[in-house]
Amino acid sequence: MIDKAYINVKAVCGTGKVTRDDGAVINQLVRAALETHDSVELDFDHVRIASVSFLDEAIGVIALETDLSELKSKIDVTNIGSFDRRLLEDILTSRARQARRTASEGGRLPPRVRVATAPRARKRSRARK
Amino acid sequence: MASVTITLPKLLTVGWSPRLTRDCASALGSSERQVIFDLRRVEWIAPFGLTTLSATILACLEAGKSCAWYPPADPGCRSYLTEIGFDELFLPGGDAALHKSTSVELRNLNGIAPSYLENLIAVVDARLSLTADQRDQVFMHLIELMQNATDHAHSNMGYFVCAQWYPTKGTLRLSFVDVGLGIPTVLRTLPQFKTEKDDCVLIERATEEGVTTRKERPGGMGLTFIRQYLRDSKGTLTILSEKGKVSFQPKKIVRRKHRRGEPTFPGTAIDILMRTRATE
Chain X
33 MIDKAYINVK AVCGTGKVTR DDGAVINQLV RAALETHDSV ELDFDHVRIA
83 SVSFLDEAIG VIALETDLSE LKSKIDVTNI GSFDRRLLED ILTSRARQAR
133 RTASEGGRLP PRVRVATAPR ARKRSRARK
Chain V
1093 MASVTITLPK LLTVGWSPRL TRDCASALGS SERQVIFDLR RVEWIAPFGL
1143 TTLSATILAC LEAGKSCAWY PPADPGCRSY LTEIGFDELF LPGGDAALHK
1193 STSVELRNLN GIAPSYLENL IAVVDARLSL TADQRDQVFM HLIELMQNAT
1243 DHAHSNMGYF VCAQWYPTKG TLRLSFVDVG LGIPTVLRTL PQFKTEKDDC
1293 VLIERATEEG VTTRKERPGG MGLTFIRQYL RDSKGTLTIL SEKGKVSFQP
1343 KKIVRRKHRR GEPTFPGTAI DILMRTRATE
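Going line by line, the protein sequences match chains X and V.
The working numbering applies: residue 33 is where the first sequence begins, and numbers increase by one.
The working numbering applies: residue 1093 is where the second sequence begins, and numbers increase by one.
Heads up, some of the hints might be wrong.
[What the hints assert, rightly or not] Restraint ranges, calculated between C-beta atoms of paired labels, are given here:
{"#": "1", "chain 1": "X", "residue 1": "47", "chain 2": "V", "residue 2": "1118", "range": "54 to 60 angstroms"}
{"#": "2", "chain 1": "X", "residue 1": "60", "chain 2": "V", "residue 2": "1347", "range": "37 to 43 angstroms"}
{"#": "3", "chain 1": "X", "residue 1": "77", "chain 2": "V", "residue 2": "1284", "range": "49 to 55 angstroms"}
{"#": "4", "chain 1": "V", "residue 1": "1121", "chain 2": "X", "residue 2": "125", "range": "56 to 62 angstroms"}
{"#": "5", "chain 1": "X", "residue 1": "97", "chain 2": "V", "residue 2": "1186", "range": "49 to 55 angstroms"}
{"#": "6", "chain 1": "X", "residue 1": "57", "chain 2": "V", "residue 2": "1200", "range": "25 to 31 angstroms"}
{"#": "7", "chain 1": "X", "residue 1": "102", "chain 2": "V", "residue 2": "1288", "range": "17 to 23 angstroms"}
{"#": "8", "chain 1": "X", "residue 1": "125", "chain 2": "V", "residue 2": "1325", "range": "16 to 22 angstroms"}
{"#": "9", "chain 1": "V", "residue 1": "1156", "chain 2": "X", "residue 2": "69", "range": "54 to 60 angstroms"}
{"#": "10", "chain 1": "X", "residue 1": "99", "chain 2": "V", "residue 2": "1356", "range": "44 to 50 angstroms"}
Because the hints were derived from the structure by calculation, they are not lab data.
Ideal Cβ positions, reconstructed from N, Cα and C, are used throughout, including at glycine.
Just chain X, same shape as in the assembly (with noise of 0.2 angstroms):
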């Protein structure tokens, strides 16, 4: 049986509050929560969100150090309107997104190492030849 918490984003931030502030604490609530329990049900109680900078800040960010099905199966996201859900998603691909690439940055193989010659001395090698 999967033990799952449960977050009502309208009892926890009210429903004319969605700052990036407010997102904080979801996130705080989220991280909680899962600490404890296998997954979470984050119910936005019909809210109307609209802001990249709560969603990111409380659910966005979280795809920065996890990987995306694992938190989409993590994190079950119920009552939340369908331009929120598709912001969301959006969201999340894009952190997503950005994971990836910090990851193969810091992966990647230095450049190879080139050694300068000085003019004069490719000529002469040239010449040589």
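Fit chain V to the given chain X structure using the hints.
Frame of chain X; chain V shown alone:
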């Protein structure tokens, strides 16, 4: 009292931003104690022009100058200034803004203002033939720009915002202006942009995914999404900040190069144009 008169152009629109920037810089840079804005020739005022002029007047007042203006000779423009709330903001005892179904009043705000958002959504809901998605998009643009102006401008004067719907053109314009730190100055605090001289490049970078000056938490998504969503709905985002002006149009990006001797825009102006009719 010694005064300087700034004669404003016929059109106070985003297209006339170089002239308006010059005039506002003259007002701010003037050593005279009184600045008189002459609007008598003005025939058309768009949200961009109104917010820019308002921010300049407030900056002059904050600098200890006194400000006055000659109202536009054009009766339509004159009544627009009253109806949009310009008189109420700057004229002691000025007439209160009239809540019209095509405009959302000029306001000087600090932080995210839920009541202003609700007013705008009420206008949108009442008259515009927007889909629910478009309505939420307007909401998103406003919230993000309010959040940005609060987080990055570091201005004790807040920001000016105003919105106007043009039924015959089928467009909605939103303008935000602050006279705080401009985008180029803020981005140059990052090591990767420290040596970048072109303000247009820095404005473009500010709209890229993940580019942010926030150090404690990841950020840099707000302008990216505004740009992306506007492009998808065939709208336009124009950002004017310091020496750069970049217009993100649906199919191209138009950069206006700063010319030698031209003044710098004192802060950031963001102008959004949304199509309110279905686009094919």
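Hints, verified against the model:
Distance hint check: the CB atoms of residue 47(X) and residue 1118(V) are about 45 angstroms apart, inconsistent with the given range 54 to 60 angstroms. For the pair residue 60(X) and residue 1347(V), the supplied restraint of 37 to 43 angstroms holds, since their beta-carbon distance comes to about 41 angstroms. Hint check: residue 77(X) to residue 1284(V), Cβ distance near 41 angstroms, so the stated range 49 to 55 angstroms is violated. Between residue 1121(V) and residue 125(X) the beta carbon distance is about 46 angstroms. The supplied range of 56 to 62 angstroms is therefore violated.
The beta-carbon spacing between residue 97(X) and residue 1186(V), approximately 53 angstroms, falls within the hinted interval of 49 to 55 angstroms. At about 28 angstroms, the beta-carbon gap between residue 57(X) and residue 1200(V) stays in the expected band of 25 to 31 angstroms. Judged by the Cβ atoms, the range 17 to 23 angstroms given for residue 102(X) and residue 1288(V) is violated: they are separated by roughly 38 angstroms. Between residue 125(X) and residue 1325(V) the beta carbons are some 19 angstroms apart, a value that agrees with the proposed interval 16 to 22 angstroms.
Checked against the hint of 54 to 60 angstroms, the C-beta distance between residue 1156(V) and residue 69(X) comes to roughly 59 angstroms, which is consistent with it. A hinted range of 44 to 50 angstroms holds for the C-beta pair residue 99(X) and residue 1356(V), which are about 46 angstroms apart.
The structure is inconsistent with the numbered hints 1, 3, 4 and 7, although it conforms to all the rest.
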